[in-house]
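Undergrad: Residues per chain are reported as follows:
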Amino acid sequence: MSYISETLGNLLQQTAFLNLSVGNLAMIAVACGFLYLAIAKGYEPLLLVPIAFGMLLVNIYPPIMDEGGLLHYFYLLDEWAILPSLIFMGVGALTDFGPLIANPKSFLLGAAAQFGIYAAYIGAMLLGFDDKAAAAISIIGGADGPTSIFLASKLGQVALMGPIAVAAYSYMALVPIIQPPIMKALTTKEERMIKMDQLRHVSKVERICFPIVVTIVVCSILPSTAPLVGMLMLGNLFRESGVVRQLTETASNALMYIVVILLGTSVGATTSAEAFLNWSTIKIVVLGLVAFSFGTASGVIFGKIMCKLSGGKVNPLIGSAGVSAVPMAARVSQKVGAEADPTNFLLMHAMGPNVAGVIGTAVAAGTFMAIFGVR
Amino acid sequence: MSYISETLGNLLQQTAFLNLSVGNLAMIAVACGFLYLAIAKGYEPLLLVPIAFGMLLVNIYPPIMDEGGLLHYFYLLDEWAILPSLIFMGVGALTDFGPLIANPKSFLLGAAAQFGIYAAYIGAMLLGFDDKAAAAISIIGGADGPTSIFLASKLGQVALMGPIAVAAYSYMALVPIIQPPIMKALTTKEERMIKMDQLRHVSKVERICFPIVVTIVVCSILPSTAPLVGMLMLGNLFRESGVVRQLTETASNALMYIVVILLGTSVGATTSAEAFLNWSTIKIVVLGLVAFSFGTASGVIFGKIMCKLSGGKVNPLIGSAGVSAVPMAARVSQKVGAEADPTNFLLMHAMGPNVAGVIGTAVAAGTFMAIFGVR
Amino acid sequence: MSYISETLGNLLQQTAFLNLSVGNLAMIAVACGFLYLAIAKGYEPLLLVPIAFGMLLVNIYPPIMDEGGLLHYFYLLDEWAILPSLIFMGVGALTDFGPLIANPKSFLLGAAAQFGIYAAYIGAMLLGFDDKAAAAISIIGGADGPTSIFLASKLGQVALMGPIAVAAYSYMALVPIIQPPIMKALTTKEERMIKMDQLRHVSKVERICFPIVVTIVVCSILPSTAPLVGMLMLGNLFRESGVVRQLTETASNALMYIVVILLGTSVGATTSAEAFLNWSTIKIVVLGLVAFSFGTASGVIFGKIMCKLSGGKVNPLIGSAGVSAVPMAARVSQKVGAEADPTNFLLMHAMGPNVAGVIGTAVAAGTFMAIFGVR
Amino acid sequence: MTLSEIFTKAIMNTILGMGVVFSVLIFISFIISLFKYLPGLLEGRKTKKHPAAADDSASIRPADATDRKVSEDTSEGDPVMVAVITAAVHALMREETVTTDAYVVRSIRRI
Amino acid sequence: MTLSEIFTKAIMNTILGMGVVFSVLIFISFIISLFKYLPGLLEGRKTKKHPAAADDSASIRPADATDRKVSEDTSEGDPVMVAVITAAVHALMREETVTTDAYVVRSIRRI
Amino acid sequence: MTLSEIFTKAIMNTILGMGVVFSVLIFISFIISLFKYLPGLLEGRKTKKHPAAADDSASIRPADATDRKVSEDTSEGDPVMVAVITAAVHALMREETVTTDAYVVRSIRRI
Ligand code: NA
Ligand code: NA
Ligand code: NA
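Chains as they are written, first to last, in the numbering used here: chain W, 1351 to 1725; chain D, 1351 to 1725; chain Z, 1351 to 1725; chain Y, 195 to 305; chain E, 195 to 305; chain S, 195 to 305.
With the rest of the complex left out, here is chain W:
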């Protein structure tokens, strides 16, 4: 009988009850909170459900992220930039760049909205983060999850990857809440009521050339973005070429969702209590809000400038879509515009800056890598 009691004692020693810190318990609660937001509130569930579950698992059983642990194997694929690149391929296969081709001036709005990144970068520097950490954090303002994970990995900011990813996806889910007040504060009702001309028809040959040209231009200027931009554009080329439907379908469906599961759970598992429950996380949360707000504002303000210069042909509301968060931010532009005038249909016009913002954020990330000499 002493064998049984002794072994039971050993078992008890191994249970989570005696091994977990208060921090782990707090993180389990946080994970449940994220699950609630994702499932009950519908906030970016495709990524928040796996992320929150990874968070849950790593805080109950930390060795799952140690060498040889299940989620550690998945995590290696993040670190090697494989998963973010493959997600971008799927995004490319799902994205219609037509509105951007029809109205290339949208690129300017996609550029302007990247100011949110730099506002957060300045803030992060002032809050005491070092250069690379500040850059990795600030890219949250780009509202592109895969780019955030890609840059954090390339800049070696593994310790911050959990908070960055969680903040990025959380704020992306909050776009419909964060943006409208800023958009309304910065525009007059007359501006919001501006109806834009219908976009011109975009031919198939233009759609096919677009991904090739963007790849050549962006990757020539900022070569280190090639995995990300290249895969995004390859996915789009699959889509627009029309001759490889099976690849389009696979890239945007089975492959992408497999990758989402592996990436989500493993990124979630970087949020062990020690990595997450500290001042950095709180600063990152604040900086993320700064980034989204400034990005929205600079997009709208640049939209107002374009409105002036074009003699009132551009509705400034489409500027906020430049933060990307495709297609959520474009829908917000549509919604705020329709509030001012129910017959105003801005969605297609906002899609231009929206997808331009994806390229803009990749360029910003590439610039950081170039500045820090990362190849």
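Treat the hints as calculated values from the structure; they're not laboratory data.
Treat the hints with caution; some may be incorrect.
[Stated by the list, open to error] List time: in silico DSS-like cross-link candidates among lysine-lysine, alpha-carbon distance up to 27 Å:
#1 Lys230(Y) to Lys1455(D)
#2 Lys1554(D) to Lys1391(W)
#3 Lys1658(Z) to Lys1534(Z)
#4 Lys1391(W) to Lys1685(W)
#5 Lys1539(Z) to Lys1455(Z)
#6 Lys1482(W) to Lys203(E)
#7 Lys1534(Z) to Lys1654(Z)
#8 Lys1554(W) to Lys1455(W)
#9 Lys1654(Z) to Lys1539(Z)
#10 Lys230(E) to Lys1391(Z)
#11 Lys230(S) to Lys1391(D)
#12 Lys1455(W) to Lys1539(W)
#13 Lys1554(W) to Lys1391(Z)
#14 Lys203(S) to Lys1633(Z)
#15 Lys1663(D) to Lys1545(D)
#16 Lys1654(D) to Lys230(Y)
#17 Lys1633(W) to Lys203(E)
#18 Lys203(Y) to Lys1633(D)
#19 Lys1455(W) to Lys1633(W)
#20 Lys230(S) to Lys1554(Z)
#21 Lys1391(D) to Lys1633(D)
#22 Lys1554(D) to Lys230(Y)
For clarity, every value in this text was computed on a predicted model and none was experimentally measured.
Dock chains D, Z, Y, E and S with the ligands against chain W, hints included.
TA: Structure of chains D, Z, Y, E and S with the ligands alone, referenced to chain W:
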């Protein structure tokens, strides 16, 4: 011409004809036998076809499992517990735990049926297997293939993995033949005719909380089961949350069947003649039958106890479903019940113990890991 | 301000403009040319689009194929023979060997067409390639992309893999242009008008036994072909067994197209300017044409022999289908036959040599491996 | 170890194992048995806040998986059209082998 | 570094970053703005060579993604039959949540 | 090696290679040619045991892959309904490019 005859001689030296042992030939015949059972008889074809084919390939060309061989790469994913965990995610995404939530007493039957594991464990110890080998073998009685492979890998029983996996999947296919006589022998016709009350409605919120609560409870008590139980419950959370249908679909379809192909062929390839044709395999075959029979019997006997205690409200036939082998064992309960009374519909009631048995086996595996200090 | 100008200088140093050679620019143009052929002309787009894009990326950003680069990770899966084997599994799951079972004499035509391989092999030796390089190049004549990549990897011809793969897939796309003149030159109109007897019905049991028997026979004689032939036949067994439709579907769809994307981009990325722009590539292009032409001719000539021996029952046009390039070459036979007599339906008869050619090429590859002592 | 020692150890581990299995499953069973109060709890809360929006968690969910899936996918569709398509799809798919399984039109999807 | 040095560096990198972002995107924007001449260019060329085959690149492509996909998939189908099936599939799939998304019958495929 | 040595070696390997290719493929061809006796063999056996169940291996299998797949999937379905759906699906999918390929309704699945 001497070049040709010499080279032909070398070619001949490399052919299987001069390199294969009698054992390899026997195993090729065994593989063909399994293919026959899987294809002509429909015995668990999804796993037995790939397993048998892996068996065929490794016994014709053994280097396919050496360092650098195709199936060795796949096998590493078994060894790292990636494939069993991902299959369990798919199983979770396909499993409806509703009947178990509606009638949580089913958990008791799912626990009772695990006695088959321990009967086999005692037998294996007495037959001379060491502790860990005995544990790895006995888990066959849990009738969950991925758990068997997971435990064998975690306990370092690589040499036994082939026979264990083959025995596990073979007996799972034989459930409709093994169980009915035991069930009938242990019950009276009156017991078999008992009709059970309709299950209560289970709300969506209960279904969503279930996987989260089970993960927290089981993984807190037995942390080393986290990859297995966590992934099972993540798959189920995908399913029940209703907000990530693409992930549910991917986890239970493309991803799961990719994993089935990789796991099946590589597990089959562990059955080289040296690893398979020995007394251990015969003992494992016998012990597997012991495990399934005792599991069925203990499930039914516990069902009889619950029948007594509930005043005849529980049909003991649902107890045998506790061995899992989802959903085969539950169908056997249904079928045996319908034989006694064609209007008796036990399927839904048997699904409760059936899915509880999956959790029960994971707990038994976790207990073995805890006893042996595996993390 | 000096910081900005200095950093801008550094950025400029990193751009492709200052790092790329003229060769890289030429390769970018070649990549665009291949994209044009694939998309506008529909030449094997499923593989040429990813290959050309990999070509584009590696010549803009060469580090993408260095240790740690995205496409290098994918490439490892080629080198380990995982991707070619998995593509062959998908091909097997899509291939109907029925016409070959109905008319096993087709195997002779599938054998005869392999002479193209050896014509190219002799040519390559005379052009100064060493033994293994010549073998890897010559297998282009087999018109099976995965076999080419498999053999090049097994024979350690990494430097030639890019040109070989590109040539192989390009010529496969050109089959409808290369073959007809050769076929017409070697046959009389009377021969081309020969109508063949309808193929006998093939039962399910024959279809199921076929992949098992072929695996056992081919892999016993040439064991090193086991990964390739084994996976091809496993895919076909999935298909014909009829009991594992999910595996058939997954192997021939999600899994295969995922593999096509990874294989295509990484094989394309082996064509960096240094690896591609040299005399070897030009020689390979010439040898590829030699291989296809001789293969077509030898197939047709053997078809004429069979025509004579059978007393005019065999249309020699089905011989050219023996080069494989499934199902393109069989369609060419059909088309040329229908030109001579619009009521002549050769497609099904040509499918026999066509799929036999896949096995024939695998045997030729296995023979090369056996000669060179590769296991 | 002698056979009796081995046997003793095996029995010990069996008692231990079955004990843990039963303890853990009974514990979960107890927690799950509390679930039945969950919807009422949530509904109570909701009623206080948004009296009209309480039907969500109490929505009727047919036990039959086929119906459930289809009804989920078509919650807003014209019922007649749905019935026609459902019938057609069932006709197309009917197999005798396993009748208790759910049929799901997986492929009609929204992206 | 002092706070002012840090701030200076941050501002520098910001100017640099926004500068590069704007430069690159304006450059692409310029190139893309030339795209509108592309179809005309190609059509001109084609007209010279094959006067009858010039409609390819100028084919009308409806903006609505649903229509586009369906029309691609059914370019040769009987329009009435297509309409019926399309309506049926839409009825089967209609969901209220996100109406701007495209519906695609992914699963009907040719292999 | 001199060119003539190289040529000799190449010729040798060619003879060897073509020899092996022909030998192996003729050998398989011979084995496969025996397959035609397989159904009769099995049917004979079956007839002895279960005289009524012999139609399995001899079931008519249409050469056309489309029909084969559809008929497999609908072995028990109402033929009229099946015909309607099949026609509809074909209408929806018809493409001119490759007419010899098989059409398969992949997505209607049972789980
Ligand atoms: Na962005
Ligand atoms: Na079990
Ligand atoms: Na071939």
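Undergrad: Would you mind marking each hint as holding or not holding in the structure?
TA: Hint-by-hint comparison with the structure:
{"no.": "1", "hint": "Lys230(Y) to Lys1455(D)", "result": "13 Å, holds"}
{"no.": "2", "hint": "Lys1554(D) to Lys1391(W)", "result": "14 Å, holds"}
{"no.": "3", "hint": "Lys1658(Z) to Lys1534(Z)", "result": "17 Å, holds"}
{"no.": "4", "hint": "Lys1391(W) to Lys1685(W)", "result": "19 Å, holds"}
{"no.": "5", "hint": "Lys1539(Z) to Lys1455(Z)", "result": "23 Å, holds"}
{"no.": "6", "hint": "Lys1482(W) to Lys203(E)", "result": "13 Å, holds"}
{"no.": "7", "hint": "Lys1534(Z) to Lys1654(Z)", "result": "12 Å, holds"}
{"no.": "8", "hint": "Lys1554(W) to Lys1455(W)", "result": "20 Å, holds"}
{"no.": "9", "hint": "Lys1654(Z) to Lys1539(Z)", "result": "12 Å, holds"}
{"no.": "10", "hint": "Lys230(E) to Lys1391(Z)", "result": "23 Å, holds"}
{"no.": "11", "hint": "Lys230(S) to Lys1391(D)", "result": "23 Å, holds"}
{"no.": "12", "hint": "Lys1455(W) to Lys1539(W)", "result": "23 Å, holds"}
{"no.": "13", "hint": "Lys1554(W) to Lys1391(Z)", "result": "14 Å, holds"}
{"no.": "14", "hint": "Lys203(S) to Lys1633(Z)", "result": "20 Å, holds"}
{"no.": "15", "hint": "Lys1663(D) to Lys1545(D)", "result": "7 Å, holds"}
{"no.": "16", "hint": "Lys1654(D) to Lys230(Y)", "result": "26 Å, holds"}
{"no.": "17", "hint": "Lys1633(W) to Lys203(E)", "result": "20 Å, holds"}
{"no.": "18", "hint": "Lys203(Y) to Lys1633(D)", "result": "20 Å, holds"}
{"no.": "19", "hint": "Lys1455(W) to Lys1633(W)", "result": "35 Å, violated"}
{"no.": "20", "hint": "Lys230(S) to Lys1554(Z)", "result": "11 Å, holds"}
{"no.": "21", "hint": "Lys1391(D) to Lys1633(D)", "result": "25 Å, holds"}
{"no.": "22", "hint": "Lys1554(D) to Lys230(Y)", "result": "11 Å, holds"}
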